[in-house]
Amino acid sequence: MNYEIVEIEQFSGCEAKVYSIIPEGDEITLYDRFIEGHKNQYKGELKQINNRLKQIGHYTGARENYFKQEGDHEFVRKYGSYVYALYDEEDSNLRLYCIRFSTVAIILGGGGFKDKSVVKWQESRELSEEVEKIMAYAASIIKQIDEEELYWSDNGSELLGNLKNYNNEDDE
Amino acid sequence: MNKARKYKSPLIDELLEETTPIEMEQTKSKMQIAAKIEDLMIERGWNKTQFAGMVGKNPSEITKWLSGTQNFTIDILIEIASAFKVNITELFTNKKEQVIYRGKIAVKSSGKAAEINLSTPYVYTRNEAGGSALTFQEDQIAYSSFYNTAK
Chain A
107 MNYEIVEIEQ FSGCEAKVYS IIPEGDEITL YDRFIEGHKN QYKGELKQIN
157 NRLKQIGHYT GARENYFKQE GDHEFVRKYG SYVYALYDEE DSNLRLYCIR
207 FSTVAIILGG GGFKDKSVVK WQESRELSEE VEKIMAYAAS IIKQIDEEEL
257 YWSDNGSELL GNLKNYNNED DE
Chain B
9 MNKARKYKSP LIDELLEETT PIEMEQTKSK MQIAAKIEDL MIERGWNKTQ
59 FAGMVGKNPS EITKWLSGTQ NFTIDILIEI ASAFKVNITE LFTNKKEQVI
109 YRGKIAVKSS GKAAEINLST PYVYTRNEAG GSALTFQEDQ IAYSSFYNTA
159 K
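Chains as they are written, first to last, in my numbering: chain A, 107 to 278; chain B, 9 to 159.
Derived from the structure by calculation, the hints contain no laboratory data.
From a predicted model like this one, the values you see are computed outputs, not experimental measurements.
Among these hints, one or two may not hold up.
As the list claims (entries may be wrong) - Think about it this way: if two alpha-carbon atoms lie no more than 27 Å apart in a straight line, the pair counts; the simulated DSS-like pairs of lysine-lysine are:
hint, chain 1, residue 1, chain 2, residue 2
1, A, Lys220, B, Lys36
2, A, Lys174, B, Lys65
3, A, Lys220, B, Lys11
4, A, Lys184, B, Lys16
5, B, Lys11, A, Lys270
Claimed, not checked - So the derived label-pair ranges between C-beta atoms look like this:
hint, chain 1, residue 1, chain 2, residue 2, range
6, A, Asn108, B, Ile96, 50 to 58 Å
7, B, Asn95, A, Glu180, 44 to 52 Å
8, B, Glu22, A, Glu232, 40 to 48 Å
9, B, Asp83, A, Gly131, 47 to 55 Å
10, A, Glu254, B, Thr97, 44 to 52 Å
11, B, Glu22, A, Glu254, 50 to 58 Å
12, B, Ser68, A, Glu229, 15 to 23 Å
13, B, Ile86, A, Pro129, 44 to 52 Å
14, A, Val224, B, Lys14, 34 to 42 Å
15, B, Ile96, A, Lys184, 43 to 51 Å
Glycine included, each C-beta is placed from N, C-alpha and C at the ideal position.
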């Protein structure tokens, strides 16, 4: 699994760093793909998500209450609580997934349309794909942290190290 | 020491440019009121169930309030302020907090990772009386022992 973790300039601030992932061979982030795929139909909702992410980075930090824990039991048992969805506004139908590290950092993934009749992500093919994808990235990133390829800055606010992970032997 | 490359997304810019200052302020207020409620709960040592009991709501309603998406009515804000015994205006104030991080962060992919996660910040908050509360922000666990400091 080869990817680069980049810091999103518009969202990242003094309260939380906001990152996303660029898969190898791609030029834009998973979050940009999410915007691109939904901007025609759900522009208002994307604007709300953007506003929330900006507040998280600059004013509030990534408080756990702003997020709903996601991921399956197997993932949580193996790695812990890292995969979350951003709580959406009451009238919203878009769900965004991310990897959350305490209040200090989030790594944005993609997301998709969530019909109000859908209770669990497993009930939607699009959402299942997105959650599976973010769980795979989370597993890889946590492994990088465990192996000290990635580490946190002294003040605990910034992810440092091998952020362009293009030599992952697991894929070979 | 490699830092992450800064990435400026034109797609995000496009959406932010279409956002009015009022829309941004609305989002900011909702999230800051939620944060304020959470901070007051931590200060009081109340969990969601206890706070829900104070305001006569279900804990699921409190989850919604804390999510930062709730469009609070004046009536609800008065009920919340009354439960905390604070003035309603205090729910709109943003206390500046000094966040002190642990020097070293340990993350391991064991099943116990959820207990430690990453750098849970200690928050050193000054209260009205000039006292301070050292709180352990994650999971609403609070060391609510107050001690005096000179104002």
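Quick rundown of the hints versus the structure:
1. A/Lys220 x B/Lys36: With Cα atoms ~24 Å apart, A/Lys220 and B/Lys36 stay inside 27 Å; holds.
2. A/Lys174 x B/Lys65: 20 Å, holds
3. A/Lys220 x B/Lys11: 35 Å, violated
4. A/Lys184 x B/Lys16: The hint is violated at about 34 Å.
5. B/Lys11 x A/Lys270: 10 Å, holds
6. A/Asn108 x B/Ile96: 50 to 58 Å: Since the Cβ atoms of A/Asn108 and B/Ile96 sit about 52 Å apart, the hinted range of 50 to 58 Å holds.
7. B/Asn95 x A/Glu180: 44 to 52 Å: 48 Å, holds
8. B/Glu22 x A/Glu232: 40 to 48 Å: Check failed, 23 Å falls outside 40 to 48 Å.
9. B/Asp83 x A/Gly131: 47 to 55 Å: Roughly 54 Å apart at Cβ, these two residues keep to the hinted range, so it holds.
10. A/Glu254 x B/Thr97: 44 to 52 Å: 48 Å, holds
11. B/Glu22 x A/Glu254: 50 to 58 Å: 38 Å, violated
12. B/Ser68 x A/Glu229: 15 to 23 Å: 20 Å Cβ-Cβ, so the 15 to 23 Å window holds.
13. B/Ile86 x A/Pro129: 44 to 52 Å: 49 Å, holds
14. A/Val224 x B/Lys14: 34 to 42 Å: Given about 36 Å between the Cβ atoms, the range holds.
15. B/Ile96 x A/Lys184: 43 to 51 Å: 46 Å, holds
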